[in-house]
Amino acid sequence: MTKDVLTDEQRRNFAALLNQIIPSCPERSLPGAGEAGVGADIETSFATSPELRLVVEPGLAAFQSLLTSASAGRIDDLAPEQLATLVAELQSQQPALLPTLTFHAYISYYQKPEVQEALGIPPRPPHPEGYEMEPFDDALLETVQKRPKLYRPA
Amino acid sequence: MSEAPVDVVIIGAGASGAALAWSLADTKMNILCLEQGDWVKAEDYPGSGDDWEARQFTDFGFSPNQRGRDEDYPVNDSESPIHTSMFNAVGGSTILYAAHFPRLHPSDFRTKTLDGVGEDWPIDYQQLAPYYDTNERMMGVSGLAGDPAYPAKTPPPLPPLPLGKLGETLAGGFNKLGWHWWPSDSAIASQDYEGRAGCINAGTCLVGCPHGAKGSSDVTYWPDAIRQGVRIKTHCRVREITVDENGMADSVIYYDADGNEQRQRAEIVVMACNGIGTPRLLLNSVSKQFPNGLANRSGLVGKNLMFHPYGLVRGIFEEPLEGYKGATGCCIISKEFYETDTARGFKRGYSFEMLRGMGPVFTALSGMGSGHIPIGAQHHDGYAQLFDRTAGMVVICEDLPEESNSITLDPDLKDSNGIPAPKVNYRLSENSRAMLDHGVARGREVLEAAGAIDCMTEAPLQPAGWHLMGTARMGDDPERSVVNSWGRSHDVRNLFIIDGSIFVTAGGVNPTNTIQALTLHIADTIKERLATLFDD
Ligand SMILES: Cc1cc2nc3c(=O)[nH]c(=O)nc-3n(C[C@H](O)[C@H](O)[C@H](O)COP(=O)(O)OP(=O)(O)OC[C@H]3O[C@@H](n4cnc5c(N)ncnc54)[C@H](O)[C@@H]3O)c2cc1C
Ligand code: SF4
Numbered sequence: 518m519t520k521d522v523l524t525d526e527q528r529r530n531f532a533a534l535l536n537q538i539i540p541s542c543p544e545r546s547l548p549g550a551g552e553a554g555v556g557a558d559i560e561t562s563f564a565t566s567p568e569l570r571l572v573v574e575p576g577l578a579a580f581q582s583l584l585t586s587a588s589a590g591r592i593d594d595l596a597p598e599q600l601a602t603l604v605a606e607l608q609s610q611q612p613a614l615l616p617t618l619t620f621h622a623y624i625s626y627y628q629k630p631e632v633q634e635a636l637g638i639p640p641r642p643p644h645p646e647g648y649e650m651e652p653f654d655d656a657l658l659e660t661v662q663k664r665p666k667l668y669r670p671a
Numbered sequence: 008m009s010e011a012p013v014d015v016v017i018i019g020a021g022a023s024g025a026a027l028a029w030s031l032a033d034t035k036m037n038i039l040c041l042e043q044g045d046w047v048k049a050e051d052y053p054g055s056g057d058d059w060e061a062r063q064f065t066d067f068g069f070s071p072n073q074r075g076r077d078e079d080y081p082v083n084d085s086e087s088p089i090h091t092s093m094f095n096a097v098g099g100s101t102i103l104y105a106a107h108f109p110r111l112h113p114s115d116f117r118t119k120t121l122d123g124v125g126e127d128w129p130i131d132y133q134q135l136a137p138y139y140d141t142n143e144r145m146m147g148v149s150g151l152a153g154d155p156a157y158p159a160k161t162p163p164p165l166p167p168l169p170l171g172k173l174g175e176t177l178a179g180g181f182n183k184l185g186w187h188w189w190p191s192d193s194a195i196a197s198q199d200y201e202g203r204a205g206c207i208n209a210g211t212c213l214v215g216c217p218h219g220a221k222g223s224s225d226v227t228y229w230p231d232a233i234r235q236g237v238r239i240k241t242h243c244r245v246r247e248i249t250v251d252e253n254g255m256a257d258s259v260i261y262y263d264a265d266g267n268e269q270r271q272r273a274e275i276v277v278m279a280c281n282g283i284g285t286p287r288l289l290l291n292s293v294s295k296q297f298p299n300g301l302a303n304r305s306g307l308v309g310k311n312l313m314f315h316p317y318g319l320v321r322g323i324f325e326e327p328l329e330g331y332k333g334a335t336g337c338c339i340i341s342k343e344f345y346e347t348d349t350a351r352g353f354k355r356g357y358s359f360e361m362l363r364g365m366g367p368v369f370t371a372l373s374g375m376g377s378g379h380i381p382i383g384a385q386h387h388d389g390y391a392q393l394f395d396r397t398a399g400m401v402v403i404c405e406d407l408p409e410e411s412n413s414i415t416l417d418p419d420l421k422d423s424n425g426i427p428a429p430k431v432n433y434r435l436s437e438n439s440r441a442m443l444d445h446g447v448a449r450g451r452e453v454l455e456a457a458g459a460i461d462c463m464t465e466a467p468l469q470p471a472g473w474h475l476m477g478t479a480r481m482g483d484d485p486e487r488s489v490v491n492s493w494g495r496s497h498d499v500r501n502l503f504i505i506d507g508s509i510f511v512t513a514g515g516v517n518p519t520n521t522i523q524a525l526t527l528h529i530a531d532t533i534k535e536r537l538a539t540l541f542d543d
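Chains as they are written, first to last, in my numbering: chain P, 518 to 671; chain U, 8 to 543.
Because the hints were derived from the structure by calculation, they are not lab data. Quick reminder that beta carbons are idealized off the backbone N, C-alpha and C, glycines included. Possibly wrong hints are sitting among the right ones.
To be verified - Here are the simulated DSS-like cross-link-like pairs (lysine-lysine), alpha carbons at most 30 Å apart as the crow flies:
#	chain 1	residue 1	chain 2	residue 2
1	U	K119	U	K295
2	P	K666	U	K354
3	U	K160	P	K663
Said to hold, decoys possible - Facing chain P, from chain U, some residues (calculated, C-beta under 7 Å):
#	residue
4	A61
5	K332
6	I382
7	Q385
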């Protein structure tokens, strides 16, 4: 499946669902998972992971029909509590969906540079720059160095 | 098709295959290594990409079943609480290893005499000591001399890796309890060394080191061996070893990169496929002389499989620990509970090895598993409680040899060349269970002494089948062992085994330094005896 599998409306709903998994947190400058573009990453993964698509596609269809019955399909019309109730209902209808989405959402979200920056770590891969560390300090070993030998001769 | 005969064919280019190739290279024999995997180039490693943690679930996973690359063969470990981890490439499993590089203790070679369990080895610590020295120099080991847990030994060539705030916090816990700890011997260059760049504390060691600081055998032994004329053929998967009418190995049959069957004749065949790949190949090499598998008159090929059952203990701390900095596995080792004390309710013992903290993705997934990081409104509070606030350790238990723990050929599962896959038949012994429980409880004590406010534990750790030992063990008695004290098969006098299969007992430390020291000892013995190598 290509990245164009979902319609714009489905994408909007998917983003809202992902924001229920990882909501935004303005005090920590953290976006919600939907806002951060996790949905696009998961959609791209469909191409290499048919098992993921097998769980997510029917899950999103079920979400769509729950939305249709609750608000004629318009997610923006729902109050936050109504959306939360809908997600709980979705969980009972599609038990594999949320654990699967959560796993993939966590992977995608926490590798985003803007999220890492908000967490206070350098927003880059570890290589090639690496990190500075102080060299080993022998003073910590003072008590251990005074111990008699620990090994059994053989 | 048949290739021109060679003097020595080595099957497998991992830790042991590389060390043997390097040591035998100065004989100027015609040496060829057949390896089912490929070279891993610096740019292939995940460490320079945003998705470096995620790739541990795909093409750089520990399990060949998870990776499913062409060069991986499947392993049926569905009936084992511990699952197999390995890598198939030039460098073998050292591509992924943490590079913890301890030696066995003298007592590990004498468990039967000292404790009435396992078997004694046909060699001892003193005999291996000079080979440990050479290996530590070749692999570029960083560490500190003077550890009271060992007899005096040659200092490692490089100073220890930094502990960082996390390591110092844990060292504080050990110091409070008065327990032993020492900076780990690590096959990671703490400074530039022999053409390798010094470690930059990037912490991606378990998905490989694009910087070349970690001593995987593709960057240590292999370049020198190749300079001296040893050849490696990659993407060549060996199916079986054939024997002549005198019961001597005469060739290996393999599939080349295009899937074509080839025959390589050789005077000497050396197996270096690891503790699972080697018994698999021997059991698949059936002939009139060896109906139960090559070199298997003892019936012990595949038997006595030992892992090191691992326990994981992680503490949650109130302060950030900068745990994302530094070599993943290599920080501190403790031998407080290594030697037997029967009052503990088990024989033999274990090591503790400290772990760095988790990266951002692993923090989230680990918190998902433990329930600390929920979805929804509480998500970020849960995450903030864990991120950069965990530090922990693994408990590495000595597993004792038991014939029922074994590798057999799976009747149905096959690799992409149609070669039967190995099946792991393993159960945790009562001794190992008691040891794990003891280790996890003591691990909690250390973490609490270091200031942890909560602990998470898992034992045995399912993916920790990365130390593969015992399945073609060495010994003096051909009825009770597969190879002699210098790796030569009792049954086939030009067949040698050099990988972790030949371990007699497991000790309670990571095995690679010992695997390679044994390999160097075997190579030296081959060189000393060249004129009479196949004599009784
Ligand atoms: C995640 C992880 C972490 C680890 N951490 C540590 C650590 O910190 N310290 C430590 O001491 N050890 C560690 N280990 C274990 C260490 O990597 C092994 O002990 C070591 O590599 C074993 O060496 P070996 O030569 O026996 O086998 P390997 O290094 O596994 O090499 C075997 C080679 O044989 C090849 N092969 C197998 N079958 C065939 C065939 N039929 N035809 C052709 N080629 C074949 C394979 O492709 C492979 O390249 C770790 C391992 C893993 C996976
Ligand atoms: S921490 Fe050091 S050894 Fe590990 S991957 Fe980074 S540079 Fe390599």
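Okay, the hints, checked on the actual structure:
1. K119(U) with K295(U): Distance ~36 Å between K119(U) and K295(U) Cα, so the pair is violated.
2. K666(P) with K354(U): holds (20 Å)
3. K160(U) with K663(P): holds (18 Å)
4. A61: Nearest chain P Cβ about 5 Å off; hint holds.
5. K332: Since chain P brings a Cβ to about 4 Å from K332(U), closer than 7 Å, the hint holds.
6. I382: Hint on I382(U): holds, closest Cβ of chain P at ~4 Å, below 7 Å.
7. Q385: violated (10 Å)
Violated hints for the displayed structure, listed by number in ascending order: 1, 7.
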